[in-house]
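Enquirer: Letter by letter, the chains look like this.
Protein chains: 2
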Amino acid sequence: VRVADLPTPCLVVDTATLEQNIATMGEAWPGRTLRPHVKAFKSTAMARHLAAAGHDALCGATARELLGLAGAGLGEDLLLANELVDPRRLAALAACGARVTVAVDSGETVDAAARAGIREVLVDVDVGCIRCGAAPDDAPRVAERARRAGLEVRGVMGYEGHLMMAPPEEKAQKVAEAMAVLARVHEQVGGEVVSGGGTGTAAVNRWVTELQAGSYTLMDADYGRAGLPFRQALHLLTTVISRNPGGWAVSDGGLKALGMDHGNPVMDGYRLLFCSDEHTTFMAEEGGTLPAVGERVRITPSHVDPTVAYHEWLYLASGEDVVDRWEVDLRNW
Amino acid sequence: VRVADLPTPCLVVDTATLEQNIATMGEAWPGRTLRPHVKAFKSTAMARHLAAAGHDALCGATARELLGLAGAGLGEDLLLANELVDPRRLAALAACGARVTVAVDSGETVDAAARAGIREVLVDVDVGCIRCGAAPDDAPRVAERARRAGLEVRGVMGYEGHLMMAPPEEKAQKVAEAMAVLARVHEQVGGEVVSGGGTGTAAVNRWVTELQAGSYTLMDADYGRAGLPFRQALHLLTTVISRNPGGWAVSDGGLKALGMDHGNPVMDGYRLLFCSDEHTTFMAEEGGTLPAVGERVRITPSHVDPTVAYHEWLYLASGEDVVDRWEVDLRNW
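As you go down the protein sequences, you meet chains F and P in turn. With our numbering applied, the first sequence corresponds to residues 1 to 333, in that order. With our numbering applied, the second sequence corresponds to residues 334 to 666, in that order.
Treat the hints as calculated values from the structure; they're not laboratory data. Being a predicted model, the structure only gives us computed values, none of them experimental. Some hints could be false.
Unchecked claim - Per label pair, the in silico range of CB-to-CB distance: (1) F:A176 / P:R335: 43 to 53 Å; (2) P:L605 / F:R184: 25 to 35 Å; (3) P:G621 / F:R148: 30 to 40 Å; (4) F:G246 / P:A513: 12 to 22 Å; (5) P:R335 / F:T289: 52 to 62 Å; (6) P:T622 / F:R148: 27 to 37 Å; (7) F:D137 / P:A505: 55 to 65 Å; (8) F:A292 / P:G450: 19 to 29 Å; (9) F:T33 / P:R604: 33 to 43 Å; (10) F:E177 / P:G652: 44 to 54 Å; (11) P:G560 / F:A292: 33 to 43 Å.
Positions of the beta carbon are idealized from the N, C-alpha and C atoms, including for glycine.
Start from the sequences, fold in the hints, and give me the full structure.
Expert: Here it is as structure tokens:
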């Protein structure tokens with residue numbers, strides 16, 4: 001199958017770029033110092049590929065992601081890098097046969113995990129992201145409560161998500177400050193694991209024992225502007241379905257194929273006007289020409305995670321040849 | 334099952350409000366004067382419900398939507414209200430056993446339809462939306478080309494999508510102007526059908542013979558601000574998973590559960606700060622209190638179509654009882 005024969009809209013992954021991104025990250029964070037975050041790509045096949053590259057301790061944001069990995073035999077060391085209080089899902093995780101560690105940041109999350117039969121936890125610490133995580137002063141009490149409930153506290157977790165897109169000249173210093181908080185809590189909480197970080201801070205986070213990152217594999221337009229050593233491996237392939245004498249054309253991928261929270265996606269060589277449910281309207285750049293109806297045009301998503309979550313497949317391409325397709329089997333809940 | 338027992342995040346539909354919305358629209362646009370647009374809800378079950386209410390001529394934006402409707406026995410009169418040049422999908426539509434009409438706006442779309450064995454078309458006319466549709470002066474030539482290719486031209490289509498959210502005091506006049514263009518082209522093109530409109534212009538569009546609308550069934554926060562006679566029937570149910578002494582809480586629905594192109598969703602009783610991939614961070618309103626970890630909170634999506642496209646199920650609730658669930662079986666491509 002050729003890329004030109006794929007039904008559109010669809011996500012196409014350039015395998016050479018993907019491999020380069022994996023190699024670049026793997027040099028800096030080899031083996032289990034990297035804990036690939038499957039939330040970015042939601043595909044067991046991609047997870048298996050990363051595990052084969054040595055990164056066989058994985059993390060996810062939903063029970064479904066972890067249960068899917070466990071079912072696929074990728075359950076060596078799975079971290080739910082998120083809080084969960086649903087007793088049925090926690091029980092399913094406890095019974096799935098994999099080694100499962102869950103994040104806890106409160107008495108409620110500790111109690112829910114213990115009641116469901118979860119055995120290991122990380123204490124999630126608020127390092128400034130305005131999201132989950134116990135306040136640093138409360139974290140030791142959460143750890144104590146977990147140990148009293150019979151849970152093994154493997155260490156701490158702290159996600160500096162608010163710094164992923166910090167200006168390069170400030171990023172290292174701000175990450176150092178956030179991680180100083182995490183290191184201080186870690187001293188009090190104990191355990192061997194300090195988990196955190198992401199694609200945007202991989203180059204400057206020297207404190208975590210394991211980096212949680214997933215977007216580096218595929219990348220997106222937003223991370224593409226952040227001066228990172230990873231390259232754009234993913235695009236949305238679309239077909240031009242209309243061209244107007246007013247000077248615009250329309251392709252067949254829109255809001256249901258693209259995560260839009262980071263703003264409009266990007267089209268190389270064209271000026272994207274707007275996306276609607278099933279369409280992207282665009283114009284030629286100054287001096288350029290519009291493609292004909294039936295031609296293919298590529299769109300670079302602005303945010304990879306909510307983009308992939310719309311799709312059933314990632315089509316892997318080597319040049320113009322489709323060499324494989326990976327199911328996005330870990331989406332939904 | 335009680336709503337409180339549903340796994341989160343999930344979409345919950347209030348059946349009483351849904352029925353009221355359907356009744357309100359059905360009074361103004363009875364039977365086949367309304368052509369429900371399944372792109373808004375992507376569910377065969379909802380389409381069947383609307384067909385049972387008399388609206389058994391349906392439209393969609395993708396081949397997958399129409400093929401699903403045809404397979405479910407809802408193929409009395411299906412319109413692909415969108416351009417399509419993919420020969421395999423067009424052939425599948427031509428062979429699906431349903432009455433299928435497709436929109437065409439160019440020689441390429443006419444030729445692709447004719448070659449695939451499609452029998453009936455509408456000429457799609459640009460009425461100002463900056464998207465698909467032949468320029469009004471070109472539309473008669475598109476119709477002529479279709480007839481020469483052996484296609485039955487059932488009439489015209491023109492979507493005034495740019496006016497759905499026009500200020501109420503201008504909307505009627507602007508719709509009249511857009512529809513005057515469509516009426517003029519219709520005189521030249523012929524056929525019995527003038528198809529167009531939407532939820533936002535249902536009250537002021539007096540020109541179409543059939544209104545294409547879908548969002549009125551479920552509604553969203555954006556349409557909720559437009560002064561329409563339809564009420565919010567859909568919300569995203571989430572569970573609070575974290576609460577921070579800094580004054581915020583976090584629930585478990587985020588960017589992969591909510592279409593974000595119309596901006597942030599809305600939380601009644603709380604101040605929503607931001608959504609991230611799996612989370613919504615929010616604060617109490619002035620004088621209010623934050624919910625406890627484990628409590629449920631409701632989020633009203635800002636844009637229904639790309640929200641529903643993230644989900645597998647619509648859970649139908651009467652008060653706190655879940656009375657049914659409808660699969661979102663027409664999503665993807």
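Enquirer: Please go over all the hints and tell whether each is borne out by the structure.
Expert: Evaluation of the provided hints:
no., hint, verdict
1, F:A176 / P:R335: 43 to 53 Å, "holds, 48 Å"
2, P:L605 / F:R184: 25 to 35 Å, "holds, 31 Å"
3, P:G621 / F:R148: 30 to 40 Å, "holds, 33 Å"
4, F:G246 / P:A513: 12 to 22 Å, "holds, 18 Å"
5, P:R335 / F:T289: 52 to 62 Å, "holds, 59 Å"
6, P:T622 / F:R148: 27 to 37 Å, "holds, 29 Å"
7, F:D137 / P:A505: 55 to 65 Å, "holds, 60 Å"
8, F:A292 / P:G450: 19 to 29 Å, "holds, 23 Å"
9, F:T33 / P:R604: 33 to 43 Å, "holds, 39 Å"
10, F:E177 / P:G652: 44 to 54 Å, "holds, 49 Å"
11, P:G560 / F:A292: 33 to 43 Å, "holds, 42 Å"
Violated hints: none; the structure is consistent with every hint.
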